[in-house]
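A.B. asks: Chains A and B, in that order, are what the protein sequence lines are. Going letter by letter, the first sequence gives residues 7 to 302 in this note's numbering. Going letter by letter, the second sequence gives residues 143 to 516 in this note's numbering.
Some clues are possibly wrong.
[Unchecked claim] Computed spacing ranges between beta-carbons, pair by pair:
(1) T362(B) <-> K72(A): 36 to 46 Å
(2) F234(A) <-> K369(B): 31 to 41 Å
(3) T237(A) <-> P475(B): 47 to 57 Å
(4) A87(A) <-> E506(B): 36 to 46 Å
(5) R279(B) <-> F234(A): 18 to 28 Å
(6) G182(A) <-> K497(B): 54 to 64 Å
(7) P51(A) <-> T362(B): 45 to 55 Å
(8) A337(B) <-> A87(A): 45 to 55 Å
(9) E233(A) <-> E379(B): 38 to 48 Å
(10) T237(A) <-> K497(B): 15 to 25 Å
(11) S238(B) <-> A69(A): 54 to 64 Å
[Stated by the list, open to error] With a straight-line Cα cutoff of 30 Å, these simulated DSSO-like cross-link-like pairs (lysine-lysine) come out:
(12) K355(B) <-> K256(A)
(13) K268(A) <-> K240(A)
(14) K268(A) <-> K347(B)
(15) K443(B) <-> K89(A)
(16) K175(B) <-> K256(A)
(17) K443(B) <-> K369(B)
(18) K268(A) <-> K196(B)
(19) K355(B) <-> K369(B)
(20) K347(B) <-> K52(A)
(21) K268(A) <-> K355(B)
(22) K256(A) <-> K280(A)
(23) K123(A) <-> K89(A)
Hints are computed from structural coordinates only; laboratory data are not their basis. Quick reminder that beta carbons are idealized off the backbone N, C-alpha and C, glycines included.
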Amino acid sequence: MSDLSGMIVRAPDRMLVQGITGRQGSFWAERMQEYGAKVVGGVNPKRAGEEFLGLPVFESAVAAAKETEIDVAVMFIPPMAAKAAALDAIEAGVRLLVVLTEHIPTQDVMYFMAAAKDSNTRIMGPNTAGLVTPGETFVGIMPAWEEGICRPGRVGVVSRSGSLGTLACLNLVQAGLGQSTVLGLGGDPILGTTTIEALQALEEDPGTDAVVLVGEIGGTAEEDASEFIATMSKPVVAFIAGGASPAGRKMGHAGAIVMGNKGTYQSKRSALEKAGAVVLDMPSQMGEAMRAAMAS
Amino acid sequence: MDFEEHAAKPLLAAAGIAIPRGQTATTPEQAAKAAGSLGPVVVKAQVPTGKRGKAGGIKPAVDPAEAQEAARDILGMTIGEHTVERVLVEEQADISRELYAAVLNDTASKGPLVLFSTLGGMDIEEAAAHDADAVRRLIVDIRQGFDSAGATAVLEGLDLGDVQDAVADVLVRLYDVWRSRDAELVEINPLAITADGGVVALDCKFTLDDLSKARQEDITGAGVPDKLTDLEARGRELGLTYIELDGEIGILANGAGLTMTTMDAVRHYGGNPANFLEIGGQSYTLATPALDLVLSNPKVKTLVVNFCGAFARTDVMTEGVVSAWEELKPDIPVFFSIHGTGSKEAVPIVRERLKMEPFPTMDEAVQAAIEAAK
Chain A
7 MSDLSGMIVR APDRMLVQGI TGRQGSFWAE RMQEYGAKVV GGVNPKRAGE EFLGLPVFES
67 AVAAAKETEI DVAVMFIPPM AAKAAALDAI EAGVRLLVVL TEHIPTQDVM YFMAAAKDSN
127 TRIMGPNTAG LVTPGETFVG IMPAWEEGIC RPGRVGVVSR SGSLGTLACL NLVQAGLGQS
187 TVLGLGGDPI LGTTTIEALQ ALEEDPGTDA VVLVGEIGGT AEEDASEFIA TMSKPVVAFI
247 AGGASPAGRK MGHAGAIVMG NKGTYQSKRS ALEKAGAVVL DMPSQMGEAM RAAMAS
Chain B
143 MDFEEHAAKP LLAAAGIAIP RGQTATTPEQ AAKAAGSLGP VVVKAQVPTG KRGKAGGIKP
203 AVDPAEAQEA ARDILGMTIG EHTVERVLVE EQADISRELY AAVLNDTASK GPLVLFSTLG
263 GMDIEEAAAH DADAVRRLIV DIRQGFDSAG ATAVLEGLDL GDVQDAVADV LVRLYDVWRS
323 RDAELVEINP LAITADGGVV ALDCKFTLDD LSKARQEDIT GAGVPDKLTD LEARGRELGL
383 TYIELDGEIG ILANGAGLTM TTMDAVRHYG GNPANFLEIG GQSYTLATPA LDLVLSNPKV
443 KTLVVNFCGA FARTDVMTEG VVSAWEELKP DIPVFFSIHG TGSKEAVPIV RERLKMEPFP
503 TMDEAVQAAI EAAK
């Protein structure tokens, strides 16, 4: 497994887009290029050898890695083909694999997670919206270029949800704050990078002074992270989505489900509060709470 | 997707694990007839929940008359939130010992976990509380699989005598069921050792990974369908996750996290959400049928449309919602909040075609919707 700092994308990172010729793959690859991300190529076995968006298209990530250096691969790949694409990227030796795909069969996820464990590849997702380091680069499906949402700053953002992570960024910018980096973890129950690992990376990151943690009901990621939060030198401001959601129903994300007394809003909120995090009722309180936390 | 016992056991049998002979019955007469060909039987309520025995849903019967009476008692009873509509009539086993075996998805290790205990018949959490050493756990590397060497390791030091190898064989086959059938959980409790030295699965719990349904189509028909309201069923047909709730504020938002948060905001400011409905992810182009769905709930008095675009482009979603609004001409007030990808294009669509101004924040849109619903 790669070291924790590897999950933060940086300006020099060379990126490969798996599924670049698809509708979403091409739309977002162009946004990444416009933002300044160093996209070095794409993958589509049917169009290998062609040029697309001014980039070479390769048969596989492994084939691409023979021709060019790759740090980060991002998957615009449908669920049933995701396992093969992930294994390809891991074999290619990328530092970071960003799995945007939602609804991948669980055993397929387990399979490529096991493969990643024996490699130097760190996985973000599945079902993540990607990663943004404002002013440097971005990968995935986040509106990095929207100045009202992503702006360079010193707050690290960790979010399981893309839409809610975007809202958190918006609230920070409205309060005059910016982000050191935005880490999308994904909405699935089994994730390559967990909340605690993201918090560890931000605690070590010299560009980050404080952390916004956006969690949601289901699983125990926030509870598991709370012991570490208690030891952090940087303030943590958190919001947990799903307090008004009924138990026993999957709230859109496969991971967002309260089973019995596990994964409840209350359990997460009290674990975080006990660890010293500020837990907000509403994301709109984020700016003010963060300013206060950073001043103290 | 959960499978009732009668639907789960054939998956074990197909993998070579012994199960008792049995038949399902939906009337006492059918139960009597089944017992006639099986001898002494157990009549078991078929509901997708545990604790059937404690609820009185499992009864032994020595002959068809007793089986008929047992079925009459059990059919129609309520266990948990389920009404019993079917019983399984199964030959009695001569049990000398009860064991526990399961394979399940373990989020902590991100892979399969094999569980085994000699304290069969109990709930496994109770068994672990009773004697932590009695529950064996083995984390499996899904790439390597689980073979007889693994099974032998799980059973090492347990005093299973002559049936040790047969139990190990069942564990390997159980793993095969989990793997080949994309289970989230497959559990045998109890796994019985019979007086004649056989190893038989007396009960089985099977949960199919919902994300793998597309490649398990031959068995999905045997599972218990989700309980959905008419509107929820309509949502599913459209490919939308729609959950009907009791409140009066309709919600249309993108992304699971933002949609949950919009519900939280409605609750926070003193209202009640009427639904969960996310049109983000791959379904963001479905704004028109989504709006129609939300408005089909007669409890909805006002609507909040809350977009914060990442992957889902707010201009595409807004165009869809506004077009649907023009087409459906609903007579309830709507309150917009729009940010993120495509918002520069989206805001003028609302302004020009609906002659209204999106609110600068989700909070303000939600508060206005609650006020208008009073």
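A.B. asks: State for each hint whether it applies.
C.D. replies: Evaluated hints:
1. T362(B) <-> K72(A): 36 to 46 Å: With a Cβ separation near 42 Å, T362(B) and K72(A) satisfy 36 to 46 Å, so the hint holds.
2. F234(A) <-> K369(B): 31 to 41 Å: 39 Å, holds
3. T237(A) <-> P475(B): 47 to 57 Å: 49 Å Cβ-Cβ, so the 47 to 57 Å window holds.
4. A87(A) <-> E506(B): 36 to 46 Å: 43 Å, holds
5. R279(B) <-> F234(A): 18 to 28 Å: 25 Å, holds
6. G182(A) <-> K497(B): 54 to 64 Å: About 33 Å separates the Cβ atoms of G182(A) and K497(B), which means 54 to 64 Å is violated.
7. P51(A) <-> T362(B): 45 to 55 Å: 31 Å, violated
8. A337(B) <-> A87(A): 45 to 55 Å: At 51 Å between Cβs, range holds.
9. E233(A) <-> E379(B): 38 to 48 Å: At 45 Å between Cβs, range holds.
10. T237(A) <-> K497(B): 15 to 25 Å: 54 Å, violated
11. S238(B) <-> A69(A): 54 to 64 Å: 60 Å, holds
12. K355(B) <-> K256(A): Holds: K355(B) and K256(A) sit about 16 Å apart, inside 30 Å.
13. K268(A) <-> K240(A): Roughly 28 Å between the alpha carbons, so the hint for K268(A) and K240(A) holds.
14. K268(A) <-> K347(B): 20 Å, holds
15. K443(B) <-> K89(A): 45 Å, violated
16. K175(B) <-> K256(A): 41 Å, violated
17. K443(B) <-> K369(B): 26 Å, holds
18. K268(A) <-> K196(B): Holds - the C-alpha atoms of K196(B) and K268(A) are around 24 Å apart, at most 30 Å.
19. K355(B) <-> K369(B): 17 Å, holds
20. K347(B) <-> K52(A): 43 Å, violated
21. K268(A) <-> K355(B): Within the cut-off at roughly 25 Å; holds.
22. K256(A) <-> K280(A): Given pair K256(A), K280(A) holds - Cα atoms ~27 Å apart, limit 30 Å.
23. K123(A) <-> K89(A): 15 Å, holds
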